[in-house]
Amino acid sequence: MASLLNVPSPVLRQQPSLAITSFFPSLHNIRVESQRWQEHEHIPLTSLHHSHATKPNSGRRGKSVHARASLWDSIRAGLLKSSPATLADPKPSDEDEEEELQSEEVILLEKVQTDGTVERIVFDSGADVDVSDLELLCDKVGWPRRPPAKVKAALRNSYMVASLHLHRQLPLSEKNNDGGNKRELIGLARATSDHAFNATIWDVLIDPMYQGQGLGKALVEQMVRALLRRDIGNITLFADAQVVDFYKGLGFEADPEGIKGMFWYPRF
Amino acid sequence: MRISSKRRASSVSEAFGVTESGLFSLSNDELLSRGFELHSSYEGIDLDQLNSLFLKVGFPRRKKEKLTRALQHTLSLFWLRDVKSDQMIAFARATGDNVFNAIIWDVVVDPSYQGAGLGKAVMERLMADLVKRGISNIALYAESNVVGFYRPLGFVSDPDGIRAMAYSRKRR
Chain A
1 MASLLNVPSP VLRQQPSLAI TSFFPSLHNI RVESQRWQEH EHIPLTSLHH
51 SHATKPNSGR RGKSVHARAS LWDSIRAGLL KSSPATLADP KPSDEDEEEE
101 LQSEEVILLE KVQTDGTVER IVFDSGADVD VSDLELLCDK VGWPRRPPAK
151 VKAALRNSYM VASLHLHRQL PLSEKNNDGG NKRELIGLAR ATSDHAFNAT
201 IWDVLIDPMY QGQGLGKALV EQMVRALLRR DIGNITLFAD AQVVDFYKGL
251 GFEADPEGIK GMFWYPRF
Chain P
1 MRISSKRRAS SVSEAFGVTE SGLFSLSNDE LLSRGFELHS SYEGIDLDQL
51 NSLFLKVGFP RRKKEKLTRA LQHTLSLFWL RDVKSDQMIA FARATGDNVF
101 NAIIWDVVVD PSYQGAGLGK AVMERLMADL VKRGISNIAL YAESNVVGFY
151 RPLGFVSDPD GIRAMAYSRK RR
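Residue numbers (the UniProt record's numbering), protein chains in the order written: chain A, 1 to 268; chain P, 1 to 172.
Quick caveat, the hints were computed from the structure, so don't treat them as lab data.
Computed from a predicted structure; not experimentally measured.
We put the beta carbon where it would ideally sit given N, CA and C, even for glycine.
Be aware that a few hints might be false.
[Said to hold, decoys possible] Okay, derived cross-link-like pairs now, BS3-like style, lysine-lysine, Cα gap no bigger than 30 Å in a straight line:
{"hint": "1", "chain 1": "A", "residue 1": "Lys-152", "chain 2": "P", "residue 2": "Lys-120"}
{"hint": "2", "chain 1": "P", "residue 1": "Lys-132", "chain 2": "A", "residue 2": "Lys-260"}
{"hint": "3", "chain 1": "P", "residue 1": "Lys-120", "chain 2": "A", "residue 2": "Lys-260"}
{"hint": "4", "chain 1": "A", "residue 1": "Lys-217", "chain 2": "P", "residue 2": "Lys-132"}
{"hint": "5", "chain 1": "A", "residue 1": "Lys-260", "chain 2": "A", "residue 2": "Lys-111"}
[To be verified] Selected chain P positions facing chain A (Cβ under 8 Å, derived; list incomplete):
{"hint": "6", "residue": "Asp-97"}
{"hint": "7", "residue": "Ile-103"}
{"hint": "8", "residue": "Met-127"}
{"hint": "9", "residue": "Tyr-150"}
{"hint": "10", "residue": "Val-156"}
{"hint": "11", "residue": "Met-165"}
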């Protein structure tokens with residue numbers, strides 16, 4: 001499968017990692033990149049955008065049949081019996097629900113192939129994630145599968161499920177009337193939260209084929225921004241020893257003010 | 001949901017998996033006999049009392065609107081009311097996805113009532129509730145001076161080298 005970052009192209013001479021890291025820390029850098037691409041491939045500047053708009057066909061809906069993609073703990077614990085996914089407390093207000101439904105897309109990378117195929121890597125804090133897509137992704141990173149029903153419930157009960165998708169828009173042709181859009185899940189991160197003060201990020205995953213290019217950083221950074229926009233002041237996570245530096249680079253502090261993470265009878 | 005003080009432990013004990021005996025260290029009856037009424041829902045919570053309890057232990061006072069929203073989106077919570085003074089004197093809550101992970105927040109006991117096992121009382125009940133739902137990955141963030149309080153409850157700090165991290169705006 002020809003992927004966005006592996007196929008050599010007359011446009012993208014630089015290392016793929018440069019293309020991604022140049023988008024950070026500020027979105028302004030995207031303009032620089034797009035200008036360069038524009039010379040060769042006539043990509044309009046406006047194609048790289050940061051949209052807060054509620055999209056008609058994306059974003060979570062309270063009663064959507066689309067389950068959120070599956071979920072993996074960094075700590076591999078968990079009983080396998082099913083549990084009701086109901087909250088004891090009254091349902092959130094309408095205002096909250098509206099807030100939750102908004103999808104926020106950020107196009108991290110865009111490339112037009114010589115045949116006219118447009119490839120984009122898109123971050124979205126509110127996209128529906130296909131459960132089977134996520135199962136495949138977890139297989140790729142070597143994480144254990146979990147019962148789909150539990151995974152669906154966990155995603156539904158998450159405050160934010162952020163995803164990276166590779167979108168491939170085929171050029172219009174005789175064979176291909178609708179210029180078919182395909183998308184592939186290549187990254188995921190989710191957060192649980194009380195919707196007011198605290199959020200905890202879990203299960204940050206990037207498809208191994210797309211690792212090493214700053215996509216993990218992009219995913220987490222965009223997610224943090226999305227959480228900050230919602231006024232969540234305390235964004236936390238638990239980091240395996242080998243990724244502590246990764247998160248430090250994104251603005252996270254270990255043991256802040258001497259606070260220690262503790263787990264109840266952890267099992268690995 | 002109000003826990004009846006007259007309920008007896010069933011064949012699956014009330015604190016199964018949480019305590020060694022499977023029973024709470026202080027039963028509901030014992031709590032009541034000491035003048036403490038147990039609550040497990042946010043109904044009846046006086047936000048001013050909750051804020052004042054937070055202040056007593058050095059937590060910041062929270063905006064009521066945000067506090068309401070936080071409590072509405074809390075998986076499980078337990079609190080104790082001192083009947084005589086009609087004050088909330090202990091509180092603990094947990095958030096999570098209700099399937100895999102839960103985090104415990106805001107565990108507070110009025111300093112005047114500390115040392116009597118009340119923190120343990122709300123913690124054990126909170127954990128039993130989470131375990132009953134099938135959640136076994138229960139985590140929390142403990143200030144260094146209370147790590148010792150959580151350890152007897154079965155909490156381990158930095159297991160396998162895992163570190164708690166928080167986003168700091170200053171660093172950006």
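These are the hints, each one checked on the structure:
Under the criterion of a C-alpha separation no larger than 30 Å, the hint pairing Lys-152/A with Lys-120/P is inconsistent with the structure, at around 33 Å. Among the hinted pairs, Lys-132/P with Lys-260/A is consistent with the structure: their alpha-carbon atoms are about 26 Å apart, no more than 30 Å. In summary, the hint linking Lys-120/P to Lys-260/A is supported, as the alpha carbons are separated by about 19 Å, within the 30 Å threshold. Between Lys-217/A and Lys-132/P, the direct Cα distance comes to roughly 36 Å. Violation of the 30 Å bound is thereby established for this hinted pair.
Taken as a hint, the Lys-260/A and Lys-111/A pair is broken in the structure, with Cα atoms around 44 Å apart against an allowance of 30 Å. Against a cut-off of 8 Å between C-beta atoms, the interface hint on Asp-97/P holds, since the closest Cβ of chain A lies about 4 Å away. The closest approach between the C-beta of Ile-103/P and any C-beta of chain A is roughly 5 Å, which is under the 8 Å cut-off, so the hint is satisfied. The interface hint given for Met-127/P holds, since its Cβ lies 7 Å from the closest Cβ of chain A, which is under the 8 Å cut-off.
A least Cβ separation of about 5 Å between Tyr-150/P and chain A falls short of the 8 Å threshold, and the interface hint therefore holds. Here the hint on Val-156/P is kept, as its CB sits about 6 Å from the closest CB of chain A, short of 8 Å. At about 4 Å, the closest approach between the beta carbon of Met-165/P and any beta carbon in chain A falls short of 8 Å, and the interface hint on this residue holds.
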